[in-house]
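Peer 1: With the hints as constraints, model all of the structure from the sequences given.
Protein chains in written order, with UniProt numbering: chain A, 1 to 426; chain B, 1 to 426; chain C, 1 to 426; chain D, 1 to 426.
Calculated directly from the structure, the hints in this document are not laboratory data.
Note that the coordinates shown come from a computational prediction; the quantities given were computed from them, not determined experimentally.
Backbone N, C-alpha and C define an ideal beta-carbon position, used for all residues, glycine too.
Errors might be hidden in some of the hints.
Simulated crosslink set (DMTMM-like; lysine to aspartate or glutamate; CA at most 25 Å straight-line) [said to hold, decoys possible]:
{"hint": "1", "chain 1": "D", "residue 1": "Lys422", "chain 2": "A", "residue 2": "Asp129"}
{"hint": "2", "chain 1": "D", "residue 1": "Lys272", "chain 2": "C", "residue 2": "Glu197"}
{"hint": "3", "chain 1": "C", "residue 1": "Lys272", "chain 2": "D", "residue 2": "Glu215"}
{"hint": "4", "chain 1": "D", "residue 1": "Lys17", "chain 2": "B", "residue 2": "Glu197"}
{"hint": "5", "chain 1": "D", "residue 1": "Lys34", "chain 2": "B", "residue 2": "Glu28"}
{"hint": "6", "chain 1": "C", "residue 1": "Lys240", "chain 2": "D", "residue 2": "Asp357"}
{"hint": "7", "chain 1": "A", "residue 1": "Lys422", "chain 2": "C", "residue 2": "Asp367"}
{"hint": "8", "chain 1": "A", "residue 1": "Lys411", "chain 2": "D", "residue 2": "Glu364"}
{"hint": "9", "chain 1": "D", "residue 1": "Lys240", "chain 2": "C", "residue 2": "Glu215"}
{"hint": "10", "chain 1": "B", "residue 1": "Lys138", "chain 2": "A", "residue 2": "Asp129"}
{"hint": "11", "chain 1": "B", "residue 1": "Lys34", "chain 2": "D", "residue 2": "Asp377"}
{"hint": "12", "chain 1": "A", "residue 1": "Lys272", "chain 2": "B", "residue 2": "Asp129"}
{"hint": "13", "chain 1": "C", "residue 1": "Lys411", "chain 2": "A", "residue 2": "Asp40"}
{"hint": "14", "chain 1": "C", "residue 1": "Lys240", "chain 2": "D", "residue 2": "Glu271"}
{"hint": "15", "chain 1": "D", "residue 1": "Lys411", "chain 2": "B", "residue 2": "Asp367"}
{"hint": "16", "chain 1": "B", "residue 1": "Lys34", "chain 2": "D", "residue 2": "Glu28"}
{"hint": "17", "chain 1": "D", "residue 1": "Lys411", "chain 2": "A", "residue 2": "Glu373"}
{"hint": "18", "chain 1": "D", "residue 1": "Lys17", "chain 2": "B", "residue 2": "Asp33"}
{"hint": "19", "chain 1": "D", "residue 1": "Lys240", "chain 2": "C", "residue 2": "Glu197"}
{"hint": "20", "chain 1": "C", "residue 1": "Lys138", "chain 2": "D", "residue 2": "Asp357"}
{"hint": "21", "chain 1": "B", "residue 1": "Lys411", "chain 2": "D", "residue 2": "Glu364"}
{"hint": "22", "chain 1": "A", "residue 1": "Lys411", "chain 2": "C", "residue 2": "Glu307"}
{"hint": "23", "chain 1": "B", "residue 1": "Lys138", "chain 2": "A", "residue 2": "Glu373"}
{"hint": "24", "chain 1": "C", "residue 1": "Lys17", "chain 2": "A", "residue 2": "Glu373"}
{"hint": "25", "chain 1": "D", "residue 1": "Lys272", "chain 2": "C", "residue 2": "Glu215"}
{"hint": "26", "chain 1": "C", "residue 1": "Lys422", "chain 2": "B", "residue 2": "Asp129"}
{"hint": "27", "chain 1": "D", "residue 1": "Lys17", "chain 2": "B", "residue 2": "Asp129"}
{"hint": "28", "chain 1": "D", "residue 1": "Lys17", "chain 2": "B", "residue 2": "Asp355"}
Only part of the chain C face toward chain D is listed, based on derived beta-carbon distances under 7 Å [claimed, not checked]:
{"hint": "29", "residue": "His156"}
{"hint": "30", "residue": "Gly184"}
{"hint": "31", "residue": "Phe188"}
{"hint": "32", "residue": "Ser225"}
{"hint": "33", "residue": "Trp231"}
{"hint": "34", "residue": "Leu255"}
{"hint": "35", "residue": "Pro256"}
{"hint": "36", "residue": "Ala258"}
{"hint": "37", "residue": "Ile260"}
{"hint": "38", "residue": "Gln262"}
{"hint": "39", "residue": "Ser265"}
{"hint": "40", "residue": "Cys371"}
Protein chains: 4
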Amino acid sequence: MYVNAIELEEHNEPRRKRLAMELEHISEQVGADKCRQVIDLLRKFEIAIPSWALGAGGTRFGRFGFGGEPSTLAEKIEDVGLLQQLNRASGAISLHIPWDIPEDPESIRRLAASYGLRFDAVNSNTFQDQPGQPYSYKYGSLHHVDVRVRKQAIAHNVEVIRYGVALGSQSLALWLADGSSYPGQLNFRRAFANTLESMEAIYAELPSDWNLLVEYKAFEPNFYSMTIGDWGQAYLLASKLGPRAKTLVDLGHHLPNANIEQIVSLLLMEEKLGGFHFNDSKYGDDDLTVGCINPYQLYLVFSQLIEGMDARGLTHATGLAWMIDASHNLKDPLEDLLQSVEAILQSYAQALLVDQDALREAQEASDVVRCQELLQDAYRTDVRPLVAQARIEQGGACAPVEFYRQHGIRKQLMQRRGVHAKATGL
Amino acid sequence: MYVNAIELEEHNEPRRKRLAMELEHISEQVGADKCRQVIDLLRKFEIAIPSWALGAGGTRFGRFGFGGEPSTLAEKIEDVGLLQQLNRASGAISLHIPWDIPEDPESIRRLAASYGLRFDAVNSNTFQDQPGQPYSYKYGSLHHVDVRVRKQAIAHNVEVIRYGVALGSQSLALWLADGSSYPGQLNFRRAFANTLESMEAIYAELPSDWNLLVEYKAFEPNFYSMTIGDWGQAYLLASKLGPRAKTLVDLGHHLPNANIEQIVSLLLMEEKLGGFHFNDSKYGDDDLTVGCINPYQLYLVFSQLIEGMDARGLTHATGLAWMIDASHNLKDPLEDLLQSVEAILQSYAQALLVDQDALREAQEASDVVRCQELLQDAYRTDVRPLVAQARIEQGGACAPVEFYRQHGIRKQLMQRRGVHAKATGL
Amino acid sequence: MYVNAIELEEHNEPRRKRLAMELEHISEQVGADKCRQVIDLLRKFEIAIPSWALGAGGTRFGRFGFGGEPSTLAEKIEDVGLLQQLNRASGAISLHIPWDIPEDPESIRRLAASYGLRFDAVNSNTFQDQPGQPYSYKYGSLHHVDVRVRKQAIAHNVEVIRYGVALGSQSLALWLADGSSYPGQLNFRRAFANTLESMEAIYAELPSDWNLLVEYKAFEPNFYSMTIGDWGQAYLLASKLGPRAKTLVDLGHHLPNANIEQIVSLLLMEEKLGGFHFNDSKYGDDDLTVGCINPYQLYLVFSQLIEGMDARGLTHATGLAWMIDASHNLKDPLEDLLQSVEAILQSYAQALLVDQDALREAQEASDVVRCQELLQDAYRTDVRPLVAQARIEQGGACAPVEFYRQHGIRKQLMQRRGVHAKATGL
Amino acid sequence: MYVNAIELEEHNEPRRKRLAMELEHISEQVGADKCRQVIDLLRKFEIAIPSWALGAGGTRFGRFGFGGEPSTLAEKIEDVGLLQQLNRASGAISLHIPWDIPEDPESIRRLAASYGLRFDAVNSNTFQDQPGQPYSYKYGSLHHVDVRVRKQAIAHNVEVIRYGVALGSQSLALWLADGSSYPGQLNFRRAFANTLESMEAIYAELPSDWNLLVEYKAFEPNFYSMTIGDWGQAYLLASKLGPRAKTLVDLGHHLPNANIEQIVSLLLMEEKLGGFHFNDSKYGDDDLTVGCINPYQLYLVFSQLIEGMDARGLTHATGLAWMIDASHNLKDPLEDLLQSVEAILQSYAQALLVDQDALREAQEASDVVRCQELLQDAYRTDVRPLVAQARIEQGGACAPVEFYRQHGIRKQLMQRRGVHAKATGL
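Peer 2: In structure tokens:
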């Protein structure tokens, strides 16, 4: 354990006075009851950390390691445990198979539990070939023209479900790199039909309390078409598969200028929104720190989610699978993830501050000036004290990144794991 | 009549020899039977001309007239008749209400028939306020928060259907400027629900042999969201409405880089593609001459359409509502439309030349090099002689734009209608 | 006068206590000296209001008036005066010729002065034809192939300079709709050369204390190319013209995903940034309220501007021509402009709070986590009290939009000017 | 040698008759003299093949090998030699250091000469760390805040020049992955100034008959800013460096919807266009086969190049550095390169067929309909026989891809080099 309660208290103690003052100020702004309500909701909110985001990512052109990367699943769990100790909002881990195969699920589960972690969605991988694999995914997997490739990919997914069951997961997240690079390469209809058929086979193996999360993605360098390229296609698949199939929205998987908050709203309306991949991006699927490029968009998405979940009677904390999906090329992944979780909590808190009754009234009156004022008023409010308070109340650090740096945790990890330790994955 | 058979023959006669030579050449390239088959299909193919595209368009910043614009519906029909006489592929007209109200439908129908024209989809307009209209469409129409506005918009659409019935149309094309300019202005779910409810009311009034065509559009300067912004939303509406509701794809109504050919393919698969608006664009909804910016994309779209329609057993000529939707800011609209129809016919002919059996085989073998060769081979073929031959066989002009210029038709129109005649519409 | 000092005091008085409390809070956050410094800079900051933004705008498809629009230049000045009385940061007006020709410049100047207004950049118009104009701008103006058209456009600009001199302006802003709609239409080099030659003629007529501001724009529906389409082209022209030619950056005039803050930084570096057009946009040149779509981008732009101007020793308030360029389709223009100015001042204040020394240090250490923390720390700070304080100190309203609504100013304007009054312009 | 003259003749012989017929047809279309002139120009035209494009590329997510990849520089030269034997238009190779270090330049040069190959631009690599390298390029190279990193990168470039001199190259192509991932990370001005200073040091080491080619790129997943992100920045650097510094345009390195042909035209005008990287793309820097997505754009670019080079008196074949830059993820790289070269030659031939006099006349008359007709007339012409004829006349294969397949060359390469041979590089 890199963090202990005494150190946390030593970190928090000198910050409490100022925090109390800031809480008092925001209480005067929005009311003490509202503050309490937001803090309580923040305490329940949890974002799953993906096992693949704990090592260095890279571009097509280069990858730069940083030392102390976790090279085993146990070390990855340790890293997420560390985050959870610091921010008390990262109590779940999302595994990627085969990068992180739990050889002994029981002991892995115990290890996670010792950090207070549960296992969120499991992720399969049919976008890379593994050594010894009979058929290649070069031309796709679930959409492949060759039934043998599809069967191999289906079998892999079924295996991933089995791992997930052993760990207590309750959903399978499906992201495919299936697509085409050249006009003419694919018959789009057949590719779609094959994908659907393959997914039906996987869906049939899904435990009754599981969800199948169908992720879409608009593009990645090298592609001309993606077989599940937009929310319409993901929705179509999910609606044909059945009620436990939902879509998974990744903020970075859209064409330029797409209105993601509207997509989210409509998917919620159709009961087909299943989960979220948080990150931020400037141009494409940049997988950058959440909220680092366009925090207002993140807030708008959250506003739609909150309003839509409330309308459906969904519990914020558990109604959707909340996950980060990011790639850490320059930043220390743990610092990056702390920043991301912080940004998510801030946006959630801001969205909770929107005066929904007044907004509805202004919308009904087509008073767009007022609509904007209401939305921006919540956004302009400095909610950082609420987030810090929720964290402290649960035993986390007031300022997680500062704590992490002051205690030289990366240095400790490097000493223990080595400078050249490299995380499995991409 | 601005064109007579003698003039046409005088125009065609000196061109026949060269055309014959070129036909012989392409027959050697692709086979005489194939040529004949393509010509026969071209002869049956017809693209509807929109009544609003016969005058000068404009941007937000300016509009430049050109003289001789048709200022009455009769003159617009005359213009389309002229196109039809020249290219024999523009035998339908798509009306826009209230810009072109047929006060006396029977006489209008007779006038059109005298040019060999039929009436394709009728278009309603709830994106502008008309003088004396009780409620404004400033904040939308079918999606409006105020039920009175929605009812007014529904009533207008029902009226448009009535005009259409009187003229022999069989579909109503719905394009809405409903959207929002500012985050917070709209509740997306309520906007969608209102739209659906309004469309249900319109659908209920649809004659049993009519289609309702739901058009989507990604953006237009001034908007932050469009209530029917992508194919997914149009599909959702059409599938909830019923079997006679379909989507209408306008080539210029997509986000940057969207793969339109894939969208087309999937909509056909789902039996939800109803019609097409042809044009071309560089950045947004530029409404430029078909094929002037990216003719290969047009060809790829046609390839998907042909393959998909054949798979469904749909007749090319009548399986979809084929329409041009363009805006003529710089070119003489009649010349522009002649160029557009020509580009459509060329793409159609090229798509017909694709060796579908070989392509399927190459796709099944994941031979992407061969897929591309097959697709590009058809595209690189110079099909202009086939298009010209189809035209001549039906009594049209070998080179329509040349004919139009040689006979100074615009000048005649200006003399008759005046230099400052201005078409109704935008 | 729609606003008087007594009413303002009645509005401000009950808000002072809360504002004082909020100021105290932010003083504790960032220091009292820093607050004072920011407030003092805010007091000096001024954004010019464009005369064309006071009436209803529109799209290609429709325009919806709102009543009480200013139909004369005097009324437009009255409107800007009203804004200035409320927010004390709109003390300049940017005129558009020929929409707002000051027939009697001396009296117009006196009228403006009576509201404490000065005249910022004057704008010419060669993107529309005016009645009686010998040559059309259909195919462009300064880039036109026909020298007579170019000369006419040059003469118009010289006339605009003359008006500007009479009013005390010191810069001419040049936005051209010159471009092409079709590949092949233009020879790009000749278009550029013609533009340069025309601008040289205008530049030669520029008073010695004037700047020529060259605006670029990436696209507008209907175009295939813009003759001044990006900052590179504007820079090229400005650098060939001479030291008093600069570029004008409009936030909405870029291709999707362009990094505008980087452009701004480089233009400043090259001493070629002359002015700014503020607005916000989702897709294209949407001309929406400043900060309504992506307030963080606005802040990033300001951060670059402040850092860059400080590095050059430029005074914030006067180093650049700060202007709004927006179009008001749904909102009351005066409310919209109040929101825009507010958003600009907030971003400016946030940018002033960035700890530049710490940021430089973090940058030098490639500590990107810290760079982000520093940048977001300033952004997350609730600077609204600073902006309100700066306004109140100068005699403005604590909450301008609220004041405007409480006093029913639009209603008064409608009563005086009529419901159907329509602003000159587009 | 995988290709010999006898086999080529056996391949060509049965195709000659049909080719002759097709040549006759095109001669009738455009005139025999014009055909001869185009063929002669095609014969002189040569596109450099990059040494890094001969093995399998990949995405961030996966790489799929194909067998028989060249694993040494000698084998890469052999591959390019093979292409050259087949298409007689690939007589140059562009090396990438350190992926392909010519340990013994003299023998490498002889080997290349034995295939009739020369060395075009050499490329440096400061976007990856090499084993044993003192300083990391994680945060950039020529723009780095740390002068030691910059010096290391400069030294590398100087070394690359030295290799290039030994091989007879005459230009250094500089592509940097220098940029930032997060707002705040970089001071844009300092990054630019550092880049300029570094380039000045490299420029100073440039032999007097060499060019420095500055490449720009808009984005790549993971970035928020690119230090040389658009043509404006590349131009600025090149113009500050001196007359032998030029820009390098890669077709895939632009923001969505950029008008590349206009950029090309202006850079030529300013004498700052130095070279070209051909490829095609749908969304980002997809590095797909030239002409596979948007062949008309390629043609438009060529039209501008031809017209602009003629205006400057530049020889087509040598006035610019013509290179392919593609990544081969699905196709056999040799087949892919054959398709790319073919597409380039076709576009070049089409551009040569444009009636420039008539086009100029139509432009001067603002006859945009005619401009389009002229441009499309050349484009619609089936120029494949001209390209084949130029190839055959020089001893190449009439149908290179067919030849390659019929002779099972990939199979031979796999047998000799092994199925798991892997090219050096990414």
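Peer 1: Would you mind marking each hint as holding or not holding in the structure?
Peer 2: Checked hints:
1. D/Lys422 x A/Asp129: Judged against 25 Å, a Cα distance of about 16 Å means the pair holds.
2. D/Lys272 x C/Glu197: holds (21 Å)
3. C/Lys272 x D/Glu215: Since the Cα atoms of C/Lys272 and D/Glu215 sit roughly 23 Å apart, the hinted pair holds (cutoff 25 Å).
4. D/Lys17 x B/Glu197: Violated, at roughly 67 Å.
5. D/Lys34 x B/Glu28: holds (24 Å)
6. C/Lys240 x D/Asp357: violated (30 Å)
7. A/Lys422 x C/Asp367: holds (21 Å)
8. A/Lys411 x D/Glu364: The given pair, whose Cα atoms are some 70 Å apart, is violated under the 25 Å limit.
9. D/Lys240 x C/Glu215: The given pair, whose Cα atoms are some 24 Å apart, holds under the 25 Å limit.
10. B/Lys138 x A/Asp129: Violated, at about 55 Å.
11. B/Lys34 x D/Asp377: Answer holds: B/Lys34 to D/Asp377 is near 24 Å, not above 25 Å.
12. A/Lys272 x B/Asp129: Answer violated: A/Lys272 to B/Asp129 is near 37 Å, above 25 Å.
13. C/Lys411 x A/Asp40: violated (45 Å)
14. C/Lys240 x D/Glu271: holds (15 Å)
15. D/Lys411 x B/Asp367: Roughly 15 Å separates the two Cα atoms, so the pair holds.
16. B/Lys34 x D/Glu28: Roughly 24 Å between the alpha carbons, so the hint for B/Lys34 and D/Glu28 holds.
17. D/Lys411 x A/Glu373: Violated - the C-alpha atoms of A/Glu373 and D/Lys411 are around 68 Å apart, more than 25 Å.
18. D/Lys17 x B/Asp33: Distance ~22 Å between D/Lys17 and B/Asp33 Cα, so the pair holds.
19. D/Lys240 x C/Glu197: Between D/Lys240 and C/Glu197 the Cα gap is close to 24 Å, so the pair holds against 25 Å.
20. C/Lys138 x D/Asp357: holds (24 Å)
21. B/Lys411 x D/Glu364: It holds: about 21 Å lies between the C-alpha atoms, which stays within 25 Å.
22. A/Lys411 x C/Glu307: Measuring from Cα to Cα gives roughly 34 Å; hence the hint is violated.
23. B/Lys138 x A/Glu373: holds (20 Å)
24. C/Lys17 x A/Glu373: Since the Cα atoms of C/Lys17 and A/Glu373 sit roughly 22 Å apart, the hinted pair holds (cutoff 25 Å).
25. D/Lys272 x C/Glu215: Holds, because 23 Å separates the two Cα atoms, which is no more than 25 Å.
26. C/Lys422 x B/Asp129: Holds, at roughly 16 Å.
27. D/Lys17 x B/Asp129: Distance ~67 Å between D/Lys17 and B/Asp129 Cα, so the pair is violated.
28. D/Lys17 x B/Asp355: Since the Cα atoms of D/Lys17 and B/Asp355 sit roughly 24 Å apart, the hinted pair holds (cutoff 25 Å).
29. His156: violated (20 Å)
30. Gly184: holds (4 Å)
31. Phe188: Holds: closest Cβ of chain D sits about 4 Å from C/Phe188, inside 7 Å.
32. Ser225: OK, holds: C/Ser225 within 7 Å of chain D, min 5 Å.
33. Trp231: holds (6 Å)
34. Leu255: holds (4 Å)
35. Pro256: This interface hint holds because 5 Å falls under the 7 Å limit.
36. Ala258: holds (6 Å)
37. Ile260: The hint is violated - C/Ile260 has no Cβ within 7 Å of chain D, the shortest such distance being about 11 Å.
38. Gln262: holds (5 Å)
39. Ser265: holds (4 Å)
40. Cys371: Hint holds; C/Cys371 Cβ to chain D Cβ min 4 Å, cut 7 Å.
Of the numbered hints listed earlier, those contradicted by the structure are 4, 6, 8, 10, 12, 13, 17, 22, 27, 29 and 37.
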